[in-house]
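The hints should help you fit chain B onto chain A, whose structure is shown.
Protein chains in written order, with the numbering used here: chain A, 1 to 144; chain B, 1 to 799.
Just so you know, these hints were derived from the structure itself, not from any lab.
Mixed in with the good hints, there may be bad ones.
Unchecked claim - Using C-beta positions, here's what the derived DEER-type ranges look like:
1. A:R69 / B:T190: 50 to 60 Å
2. B:S631 / A:V13: 18 to 28 Å
3. A:V101 / B:R22: 21 to 31 Å
4. B:G612 / A:K99: 17 to 27 Å
5. B:C603 / A:I65: 41 to 51 Å
6. A:W97 / B:P21: 50 to 60 Å
7. A:K99 / B:P709: 24 to 34 Å
8. B:Q702 / A:V101: 45 to 55 Å
9. A:I65 / B:Q702: 31 to 41 Å
10. A:L83 / B:Q702: 50 to 60 Å
11. B:W57 / A:L63: 20 to 30 Å
12. A:R69 / B:F684: 53 to 63 Å
For glycine and all other residues, C-beta sits at the position ideal for the given N, C-alpha and C.
What follows is each chain in one-letter form.
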Amino acid sequence: MTRSVFFRFVVRVMLPVLFIFSLMLMLRGHNEAGGGFIGGLVASSGVILMTLAYGPDEVRQRLKIDFLRLMFFGLLIVILAGLVGLIIEGEFLAAEWWKPVLQGIGQLELGSPLLFDMGVYIIVLSVTSSIVMSMADEGERMDD
Amino acid sequence: MLLFGIVFAPAVAALVLALVPRSWLARLTPIVPAAIFLWLAATQVGASEIATAQLSWFPSLGVSLSFFMDGLGLLFALIISGIGTLVLIYAGGYFEKPADLVRFTIYTLIFMTAMLGIVTSSNLVLLFVFWEITSLTSYLLIGFNHENADAREGARRALLITAGGGLALLAGVLLIGVASGTFDFLTLLTNPNVLRESGLYTPIALLIFAGAFSKSAQWPLHFWLPGAMEAPTPASTYLHSATMVKAGVFLLARISPLLNGSDLWLYTLTIIGLITFVYGAVIALRQTDLKAILAYSTVSWLGILVAVQGAASEYAAVALAVGVLAHALYKAALFLMVGNVDHATHTRLIDRIGGLARPMPVTFAAALVAALSMAGIPPLLGFVSKETLNAAALYDGLPSLLATLLPVGVVIGAAFTVTVAFRVVYDTFIKRAPADSDLHPHEANPAMLVGPAILGMFSLGLPFLLAPVLDPLISQTVTAIRQTPTSIHLHLFEGVNTPLIMSIIAVSVGVLLFIMRRPLIRLLQRMPEFDPTGIYQWLFFKALPDFANALTIRLQNGRLHYYMMIVFASFITLISGIILLARISLLNGDVLADFEWRIAVFCLFIIIGAVGTIFAPTRLSAIMIAGIEGSLLSLLFAIYGAPDLAFTQMMIEVVTLVLFVLAFHFLPDAFTGSKGRAARALDFAIALGMGAMVTVLILAAQANPVAEPISDWYIENAESLGQGHNVVNILLVDFRGLDTMGEVTVLIVAAIGVTALLRFRPSGQPRGQYYAKEAPAPLQTELASENDDDDEGSEGKSS
Chain A
1 MTRSVFFRFV VRVMLPVLFI FSLMLMLRGH NEAGGGFIGG LVASSGVILM
51 TLAYGPDEVR QRLKIDFLRL MFFGLLIVIL AGLVGLIIEG EFLAAEWWKP
101 VLQGIGQLEL GSPLLFDMGV YIIVLSVTSS IVMSMADEGE RMDD
Chain B
1 MLLFGIVFAP AVAALVLALV PRSWLARLTP IVPAAIFLWL AATQVGASEI
51 ATAQLSWFPS LGVSLSFFMD GLGLLFALII SGIGTLVLIY AGGYFEKPAD
101 LVRFTIYTLI FMTAMLGIVT SSNLVLLFVF WEITSLTSYL LIGFNHENAD
151 AREGARRALL ITAGGGLALL AGVLLIGVAS GTFDFLTLLT NPNVLRESGL
201 YTPIALLIFA GAFSKSAQWP LHFWLPGAME APTPASTYLH SATMVKAGVF
251 LLARISPLLN GSDLWLYTLT IIGLITFVYG AVIALRQTDL KAILAYSTVS
301 WLGILVAVQG AASEYAAVAL AVGVLAHALY KAALFLMVGN VDHATHTRLI
351 DRIGGLARPM PVTFAAALVA ALSMAGIPPL LGFVSKETLN AAALYDGLPS
401 LLATLLPVGV VIGAAFTVTV AFRVVYDTFI KRAPADSDLH PHEANPAMLV
451 GPAILGMFSL GLPFLLAPVL DPLISQTVTA IRQTPTSIHL HLFEGVNTPL
501 IMSIIAVSVG VLLFIMRRPL IRLLQRMPEF DPTGIYQWLF FKALPDFANA
551 LTIRLQNGRL HYYMMIVFAS FITLISGIIL LARISLLNGD VLADFEWRIA
601 VFCLFIIIGA VGTIFAPTRL SAIMIAGIEG SLLSLLFAIY GAPDLAFTQM
651 MIEVVTLVLF VLAFHFLPDA FTGSKGRAAR ALDFAIALGM GAMVTVLILA
701 AQANPVAEPI SDWYIENAES LGQGHNVVNI LLVDFRGLDT MGEVTVLIVA
751 AIGVTALLRF RPSGQPRGQY YAKEAPAPLQ TELASENDDD DEGSEGKSS
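This is chain A alone, in the form it adopts within the complex (with noise of 0.2 Å):
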């Protein structure tokens, strides 16, 4: 694949916006349009600029993430926000919430809902990301 200047500027100045709009979806996500889901389909949009500006190898250089290996720790964050209810409720899955009132800032609300959207970020990211990586890896070894 040939890669121009023009579009590697582009996505230098796209990514970091779009991961931060990324995670500002997931994070609004319980009271807004949002959630874990889109904002990890956002994020590996992301990633999929960054493979198909610079190529599979190099983004695997600079990003240094195991995408294969970072959705089992998504999966780990979901059944852990899934324990959370457990531990504290006795049922699986049930959602807890954490409400501590910060002095002058207002009120922050975590909960182990959000604890699982995060999760549910990790894995939509990695698995979009790792499987368009391994099909650019094939595309880069057949141009090769």
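Then chain B, alone, in the frame of chain A:
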């Protein structure tokens, strides 16, 4: 709560041993079953109350971890823990490699928990779970020497038969749940006629029979048990003679108060059991491998334990209780004896050994006691057992056919059992060794003598302790089987009566047969045998794989296009069939009430786009148009107020587009060329039909509301229960969190599949070359070769 401890203590010990795999620790494990045995013997024998313990597990399914310890469970639990102790001690001397000892001990301890679970479970689903665990541990133990092909084959056969029977048991248990509304055995007992009065009685009974007969090796499902003799001898002793094979007998006794009394119950059990009894005893005689002899004689004895249960008389219950105990004691001793002989002479062929009484005096003494007990010679426990058995066979409540068949069968089977017992001891220990043999036998080490010695002492001592020890235990067991308080008094000698005369006839005939055994055995060995193994082999290794092959080649030929055609065509057939047959109405007044012109125009665009994809000249243009279609669809979601859905759909379109473009790298550019007119017409018809069916489904769902839509509940409770405003997201992460968890797991599995398919291909195929650039993929007929279109399939699903 102590019951939980009893059932799960061995499993905990197994876990500890798995974490600290040291042989000295394995040698300490007999303490666990020994403690269980002593506790049961001290507190439960003669107890007036039934101990119970309960913990909820799947309350919504009526499945709970509930245990109870009645007389029947107690008798079996004593055998399981008692013989388990001796077998674990024995294993300490039997295995030469420490790693083998540890592995064996772990499997055996897990098995012990499963077996204790079976005999104490009150919930029938729980019983089934433990039942299957025993099949699995049995599989692991038969295949213990997994480098030996016979061991693998024997293990697989045992697993197929017993796990198959386990499935029948599961079906039976589920039907019991359907018929009675509960899985709890103690609840069922409060209304013992509930199953007999239900229309499901016959299927329930037949399924339970299938489970029990396969586990307890009843003819014609017996053939896995001789194959199971590939297991190390301590495992054969414990699983395949003393405990696991009696699980089927136990199940019948357990379920008897709910099912017995019908002709089906009476005739099936009596006749199948009797055939097994006589068949096993006769076939045992013609074997030459000591373990095979004992295996067939175990089959035989299991047969009589099933047969006596046909008539649910008090005699039958007594015969069952004493018979289970006596058999466990003498047969375990004989198996351990074979282990010692095998250890000392490195052969188990009865023709190759002899004269072992002098070099192995302790083994000989234990084997002699066990064999005399097996033959039913007074004053051993086997004699008491045979007397009760004869009394059960003479029960005058039997219909006339069985009233003659049963006593005659019992005497014939018993006579052959006597012959087998004498032959095993005489030919192994007393007969002179063959002249050409080169044996240097030696007595086994002390660990391997403890078991046979203690078992022998029980066989010899218990008949003299009937009143203080055995009577309370047997009374409890009979009470549990018959669900009527019973007090039993066993006697070693009851005077000259018909059972005694039957015993005398059986022993005399047996001795006679023993004297003329050489020509008899030669005659038996020449006789053709009905061998279900052939049927089994044909079924599982010819018919089933051939059928699967044919089906796979037909259905999975590697073309994604073909797969989708089959899926869509079946979908169309099913849905249109249901709609037409059930006369489901598709329209009612309200459906068209929300009709809006702007939406209709929108849909028109989507339709035009769909038609456009058909005429697109290249893959890329087709996929671009499909992408635009998807975006239009997401706009539709947005119009109807589902921003989350619209957003997700949009992202999916983008990611799918990229995936497709990456995948197209591997495919030829033009994709229409070679297709004929007829093929395209068929594609068109299927596509049209699919669209029509989806439309019909939506209309039908709209026109026939079955219940209040649950979506209202979600919207109402999102804030109070889910503590948020975005209902969709709360649905995903909270209300239906378990579903989401399943879905993300599926995603992970799909990603692993794609990675594996792309990274690891069959050797010999050059990388990146297996997507032919020239021609469409040819029909693939070989299973071994990788399907190239498969990759596309899994991507499609996972994206």
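Range first: 31 to 41 Å. Now tell me if the beta carbons of I65 (chain A) and Q702 (chain B) are that far apart. violated, 46 Å
Would you say the C-beta atoms of R69 (chain A) and F684 (chain B) sit inside 53 to 63 Å of each other? This hint is violated: roughly 46 Å between Cβ atoms.
Given a hint of 50 to 60 Å, does the C-beta separation of L83 (chain A) and Q702 (chain B) actually sit inside it? Since the Cβ atoms of L83 (chain A) and Q702 (chain B) sit about 41 Å apart, the hinted range of 50 to 60 Å is violated.
So the hint says 41 to 51 Å: do the beta-carbon atoms of C603 (chain B) and I65 (chain A) match that? holds, 42 Å
Holds or violated: the 50 to 60 Å window for the beta-carbon distance between R69 (chain A) and T190 (chain B)? At roughly 54 Å between Cβ atoms, T190 (chain B) and R69 (chain A) fall inside 50 to 60 Å, so the hint holds.
Is the hinted range of 45 to 55 Å satisfied by the C-beta distance from Q702 (chain B) to V101 (chain A)? holds, 47 Å
K99 (chain A) paired with P709 (chain B), Cβ distance criterion 24 to 34 Å: holds, 31 Å
A range of 20 to 30 Å was offered for this pair. Does it hold for the Cβ distance of W57 (chain B) and L63 (chain A)? violated, 44 Å
Can you let me know if the beta-carbon spacing of V101 (chain A) and R22 (chain B) is within 21 to 31 Å? violated, 55 Å
Look at the Cβ atoms of G612 (chain B) and K99 (chain A) and judge whether their distance stays inside 17 to 27 Å. With a Cβ separation near 52 Å, G612 (chain B) and K99 (chain A) fall outside 17 to 27 Å, so the hint is violated.
Quick check: does the Cβ-Cβ distance between S631 (chain B) and V13 (chain A) fall within 18 to 28 Å? Holds, at about 24 Å.
50 to 60 Å as the expected CB spacing between P21 (chain B) and W97 (chain A), which holds or is violated: violated, 44 Å
The earlier numbered hints that this structure contradicts are 3, 4, 6, 9, 10, 11 and 12.
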